[in-house]
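Peer 1: So you can see what is in the structure, the chains are spelled out below.
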Amino acid sequence: MKCLTPDELLHFAMEPLKKENGPAALHLAQCACCRENYELVLECLADDGNTVSAADERAAEEAAAELTGSTDLWTKLYSLVDELGKKIAAPAGNIFKPASFGSLRPVQGTLLAAAAGNGAGLSSIQSSEEVKFTFESYAAPGSGSYWKMQMTMPRTLSASSLILMKVTGENGALLDGTLNFLNQSTSLSCGCARLPFRTFLENKGCKEISFAAGRSGAASPGRIKFLPEALR
Amino acid sequence: MIAFDREKEDAFFQRLKEEDREAWSIIFKKSVCAVLAGTTKNGVPYRQIARDRGMNDISVYGMLYSYMIGRGKLDNYGFRSPIIYWMRYYVKMLILEHCKKNDSPVSDEKNDSSVSENNNEELLSDGSRENWQSVEICFSEMWKENPMNAYVYLLRRYDMLRSKEIGAMLDITPENVDTIFHRADKNMKQMLRREGGMAV
Numbered sequence: 001m002k003c004l005t006p007d008e009l010l011h012f013a014m015e016p017l018k019k020e021n022g023p024a025a026l027h028l029a030q031c032a033c034c035r036e037n038y039e040l041v042l043e044c045l046a047d048d049g050n051t052v053s054a055a056d057e058r059a060a061e062e063a064a065a066e067l068t069g070s071t072d073l074w075t076k077l078y079s080l081v082d083e084l085g086k087k088i089a090a091p092a093g094n095i096f097k098p099a100s101f102g103s104l105r106p107v108q109g110t111l112l113a114a115a116a117g118n119g120a121g122l123s124s125i126q127s128s129e130e131v132k133f134t135f136e137s138y139a140a141p142g143s144g145s146y147w148k149m150q151m152t153m154p155r156t157l158s159a160s161s162l163i164l165m166k167v168t169g170e171n172g173a174l175l176d177g178t179l180n181f182l183n184q185s186t187s188l189s190c191g192c193a194r195l196p197f198r199t200f201l202e203n204k205g206c207k208e209i210s211f212a213a214g215r216s217g218a219a220s221p222g223r224i225k226f227l228p229e230a231l232r
Numbered sequence: 001m002i003a004f005d006r007e008k009e010d011a012f013f014q015r016l017k018e019e020d021r022e023a024w025s026i027i028f029k030k031s032v033c034a035v036l037a038g039t040t041k042n043g044v045p046y047r048q049i050a051r052d053r054g055m056n057d058i059s060v061y062g063m064l065y066s067y068m069i070g071r072g073k074l075d076n077y078g079f080r081s082p083i084i085y086w087m088r089y090y091v092k093m094l095i096l097e098h099c100k101k102n103d104s105p106v107s108d109e110k111n112d113s114s115v116s117e118n119n120n121e122e123l124l125s126d127g128s129r130e131n132w133q134s135v136e137i138c139f140s141e142m143w144k145e146n147p148m149n150a151y152v153y154l155l156r157r158y159d160m161l162r163s164k165e166i167g168a169m170l171d172i173t174p175e176n177v178d179t180i181f182h183r184a185d186k187n188m189k190q191m192l193r194r195e196g197g198m199a200v
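Protein chains in written order, with the numbering used here: chain A, 1 to 232; chain B, 1 to 200.
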């Protein structure tokens, strides 16, 4: 019998004395790894009796609001990537410029306006503004696992353009380590890494980001924190 | 214990998939908060374990959310148990994994596994394939005859729970648990001798 999944272990733990549970019980008698997991499963059932304070419940509600809200930010980021990708793929060439700023405010400039424009007349771009996105760890400053990543879209963009990602820790110090983003593990040198814009186009929808400081540190997950003003 | 209702779990699962704020709030309260308010079986508070490794409550919420939504692991849910319990398992697992990756495993957890290994060796004597087969036959026989005895034997033999906890779970007294275990243990040894594969 192969090892039991957490779901199967829970199913067994909830009604252990059924005759048909014999094979699962026998597997537990033989497999130290499944026994270790089963101990966790038994704890899960016993956790019904734990008292949760009203303050913890409020914090949980706030966390749910923030985390599910971060999904909207990811969606907006990938909508932008999608729009830009379509324009890059247009026959006019790999380079585009803002055709119209429309209702966007000047500070938002360049890429955002290009994404919002009709795509006509793409030839060259010399923008005065770079578009920056900010990501941040769930871990708070002072926890030892805190990080912040700023991603900067270049003023001129093509599928092969490199997107700069800069990771800092507390007090803005640059951090080296491994960034897991867009289904890629990227090593950072002097706190910086660059990924081609193509990678964004190929991994649209990936909502996972984590950073492991140093060589063997544990990955500390995070979320998208700030979008450029126009996307908020 | 939460009753398992397939239809309700299915509807709740869909809301979680759609990243419904209220559904995730329920998970954070009933799964994450419940775990953080509890302890390991040796009495070490999970919240303390997390905080000692630089994680606050929001990190734990984020870690679970990221694992389930960002990495798509929510799809592994198999609809065989309440999703609240299933999430609790992953909260514990993620905290303990984080500790291991930080090269700071929870010390009492390590001790627990060494106890289990020792018991395993004791039960299986020299660990040969023949002995495994004897244990399989005898344990299966015991389960067929009386699942309660076999289950108590399993939990006590491998030190998974104390008599008091087993008693509370099976609605019998701790003294009864001990009696059942000693009887089952004796029975198991007799069966193994009869099978000829074990010198215990």
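The reader is advised that the hints may include incorrect statements.
As the list claims (entries may be wrong) - Keeping only pairs whose Cα atoms sit at most 35 Å apart, straight-line, the calculated DSBU-like set for lysine-lysine is:
(1) A:Lys76 <-> B:Lys164
(2) B:Lys164 <-> A:Lys166
(3) A:Lys148 <-> B:Lys101
(4) A:Lys148 <-> B:Lys17
(5) A:Lys225 <-> A:Lys204
(6) A:Lys225 <-> A:Lys166
(7) A:Lys132 <-> A:Lys225
(8) A:Lys2 <-> B:Lys164
(9) B:Lys101 <-> A:Lys19
Claimed, not checked - Computed footprint of chain B on chain A, listed as stretches where at least three residues anywhere in the stretch have a Cβ under 8 Å from a Cβ of chain B:
(10) 29-39
(11) 132-140
(12) 173-185
(13) 219-227
None of these hints come from the bench; they were simulated from the model.
From the three backbone atoms N, C-alpha and C, an ideal C-beta is built for every residue, glycine too.
Peer 1: For the pair we were handed, Lys2 of chain A and Lys164 of chain B, check the Cα-Cα distance against 35 Å.
Peer 2: The given pair, whose Cα atoms are some 31 Å apart, holds under the 35 Å limit.
Peer 1: For a C-alpha distance cap of 35 Å, please report whether Lys76 of chain A and Lys164 of chain B respect it.
Peer 2: violated (54 Å)
Peer 1: With the threshold set at 35 Å, check whether the alpha-carbon distance from Lys225 of chain A to Lys166 of chain A stays at or below it.
Peer 2: holds (15 Å)
Peer 1: Checking one constraint from the list: CA of Lys148 of chain A to CA of Lys101 of chain B, max 35 Å. Satisfied?
Peer 2: Holds, at roughly 21 Å.
Peer 1: For the segment 132-140 of chain A, count the residues whose Cβ lies under 8 Å from any Cβ of chain B; is that count three or more?
Peer 2: Answer holds; 4 residues pass the 8 Å Cβ test.
Peer 1: Given the hint that Lys132 of chain A pairs with Lys225 of chain A, test it: the Cα-Cα distance must not exceed 35 Å.
Peer 2: Answer holds: Lys132 of chain A to Lys225 of chain A is near 11 Å, not above 35 Å.
Peer 1: Is the hinted pair Lys225 of chain A and Lys204 of chain A satisfied, with a Cα-Cα distance of at most 35 Å?
Peer 2: With Cα atoms ~18 Å apart, Lys225 of chain A and Lys204 of chain A stay inside 35 Å; holds.
Peer 1: Do three or more residues from the segment 219-227 of chain A put their C-beta atoms closer than 8 Å to C-beta atoms of chain B?
Peer 2: holds (count 5)
Peer 1: With a C-beta cutoff of 8 Å, work out whether three or more residues of the segment 29-39 of chain A approach chain B closely enough for the coverage to hold.
Peer 2: holds (count 8)
Peer 1: Tell me if the straight-line CA distance from Lys148 of chain A to Lys17 of chain B falls inside 35 Å.
Peer 2: With Cα atoms ~27 Å apart, Lys148 of chain A and Lys17 of chain B stay inside 35 Å; holds.
Peer 1: Can you confirm whether the C-alpha distance between Lys101 of chain B and Lys19 of chain A stays at or below 35 Å?
Peer 2: Violated, at about 39 Å.
Peer 1: Closer than 8 Å, Cβ to Cβ, for at least three residues: run that test on the segment 173-185 of chain A against chain B and report holds or violated.
Peer 2: violated (count 0)
When held up to the earlier numbered hints, the structure conflicts with 1, 2, 9, 12 and fits the remainder.
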